[in-house]
Amino acid sequence: MLLRALLGFILYGCCLAVFAHKASDSYLTLKVSAGKVSGQWDIALRDLDFAISLDTNGDNAITWKELHNKHEAITSYAFTHLHISSGESPCQIKPTQYLVDNHTDGAYSVLLFDVDCPRLSTEIGINYMLFFDLDPQHRGLLRVEYGGATHTAVLSPTQNNQKIVLAQVKSGTVFLQYLHEGIWHIWTGYDHILFLLSLLLPAVLYRQAARWKPAIRFRPVLIEVIKIVTAFTIAHSITLSLATLGVISLPSRWVESAIAASVILAALNNLYPLINRNIWLVAFGFGLIHGLGFANVLKDLGLPQNMLLLTLLAFNLGVELGQLAIVTGFLPFAFWLRKTQCYRKVVFTLGSVLIAMLAFIWLLERSLNLTLID
Amino acid sequence: MIIVVALVSTPALLAIPFVPDHDEQVLERLPAAANPVNHELRALRNRLNANPGQLDIAVKLAKRYIELGKAEADPRFYGYAQGVLKPWWDIPEPSSEVLLLRALILQNRHDFDSALHDLATLLHQEPTNAQAWLTQAVILQVRARYDDAQRSCIPLMELEAPLAASTCLASIGSLTGHAAKSYDFLREALKETQVTSTDQRIWSLTVLAEIASRIGRYEEADQFFSEALKFRRQDIYLLNAYADFLLDQKRPEEVIAMLSEKTRIDSLLLRVALAKQQLGDDDLPNIVTQLKARFAASRLRGENLHQGDEARFTLSLLKQPQQALQLAQANWVSQREPKDARILLEAAIAAHNPAAAQSVIELLNTTGLESMQLRQLAAQLEKQNTGLDGN
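If you're matching them up, the sequences are chains A and B in order. Under our numbering, the first residue of the first sequence is numbered 1, with each subsequent residue one higher. Under our numbering, the first residue of the second sequence is numbered 1, with each subsequent residue one higher.
For reference, chain A alone in the conformation it holds in the complex (with noise of 0.2 Å):
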């Protein structure tokens, strides 16, 4: 009888594994900045539904609704299997989003959750238990990311208990970080670089009965050039630097509307030239604005408040790393081209229309918060 029974549940001999797809995982990441741990936990609808059954009409199709219906079934189910705790007390996980991802083996339910540690101190214990009952050969794929560090571990049944240590983070290491990211920023803001292309496009003419004429020597260009860049450096760091100490904070919507508002206007005295002495007193005035505007993106990068001073220092130098970049790169080119037709009409005439259009589209679309190009 026995062996009628096994004959019949033979798995015939060509039948070794292939490639399927990878089994059961999760991916649960805590970033830990500026004094507060939050959270990100996938967890794939196919080891929810196996737990505790998502697919209430059995048609074997996850909708958004019957997952939704199941959040608070989910949340109760996924955080009793997952403990964290810091300083030996145990910290308090509150949902704050539910999200949904596509990995590469199909749909996932993203948690967003913020994590309260009575006391958080330099390690952090997480104890993992989800679905290890059900399927022992699922995985928690834990990722930690702290001070520009990132400590990984895969979870298992007999490894479900992880101890990180926050460790020290290396100044220098730090420091590169941050003038990567400041140079990075000047190079993909383009509104910053429109801005100051917008200031120096007219340096290397000058202005005589209502018209633009091509300047004779380099010498009085390179110093009006090094008068504009120095206002504006000097202005942004200065907002940068008080908006970073919390010592003045605006709106970011209204720090990138008025961002955009200060390139169309720079850009349209170009055309009708208000004012064309003194332009450095421009690139301070919204100079001043644009270093808002920097202080909120170093706001979203984090800060590690032991190294605020480095790391604004680091962020800053970055931008004005990049901004010199732009400025060798088209002084000379300006310079060479600036009797021709070409440069008058086109880059100076054009560009700056072209500039102010594209200033105010941002301008609509910061100010109403709007999408209009992508």
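Hints are supplied without guarantee of correctness; some may be wrong.
Per label pair, the in silico range of CB-to-CB distance [stated by the list, open to error]:
(1) A/341 x B/323: 49 to 59 Å
(2) B/43 x A/129: 22 to 32 Å
(3) B/262 x A/152: 26 to 36 Å
What the hints contain is simulated information worked out from the structure, not anything from laboratory work. Glycine is no exception: its CB is placed at the ideal position from the N, C-alpha and C atoms.
Based on the hints, put chain B in the right spot on chain A.
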């Protein structure tokens, strides 16, 4: 106070989480069998929950999961089976039923040594266990321990499984210098067997097709593959093998037609990518990106069960012979089937490192394995070798 920053970007695997557009949006389709609404599974689960620790119910449920795992080529089901067997998993002397199931689960995870250990213990207790003899033969064959594998096929003849025995013996015979004889023998055996299960028939047909393809009888190979596919039973091994055959025959359109609905399974997606490469399809970069992400996701959990396929991906699609060679060598340590030999030879040739595949040459020489492809590759490798020596 520790204050730190998250500057490290999220890995590319993680896309941006979103809120679905509307309530009825389908986020995930479950494999039909995975649905707990499936009556038999649910009934068994409920019974087990009501009687925790009841071995016979647990064994029945674990078996169902392993069958599903095989049919769907889905490791999650093997995990569920292991979960069901948890109370008996680590006890010092589990019953023979648990030993067998544990061996199958370990085999699926490519923990071949532990699986062989369990099977040896089980066969010592219960020498009439056909499934155990068969599983043992299969693992030994993958390890290229052909003499031991053959010895494990023989008891099947006595155990009311003559076609299984013939298939087992022919499969090994064909790898040890008796391809033509094994082929005729199995063909006869299949013809004479009137009553047998569909799974058994598919297995025998697949073995016949693979032997035919190795000895260059391509039309017959094609016929056997087609006959096996006619049963319309989901068999991922068969699909992989036929796809590889079609790719070698430069028939990529048929690969795509056969597999385009099944690309959730990674090995099949790899075959689709190779077919699209032959066709010069614009969609190829997109599929390569997907495969890259899937391999990366497997690696994240610290597993490398599919280095053979990954080597092939790395060599043919990423064109990185050195990395492919490393993967193929690592794969060769645990698996030594003809396809494993092939990728190691190909990678060694591409990487201009003939020494790396010497153990394949040795295996071919000692076993007398007949395979036109492998012999050709081996000759190419030898040429490179002497060419290098000459320099």
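So, going through the hints one by one against the coordinates:
1. A/341 x B/323: 49 to 59 Å: holds (55 Å)
2. B/43 x A/129: 22 to 32 Å: holds (27 Å)
3. B/262 x A/152: 26 to 36 Å: Hint holds: Cβ distance 32 Å, inside 26 to 36 Å.
Checked against the numbered hints given earlier, this structure breaks none of them.
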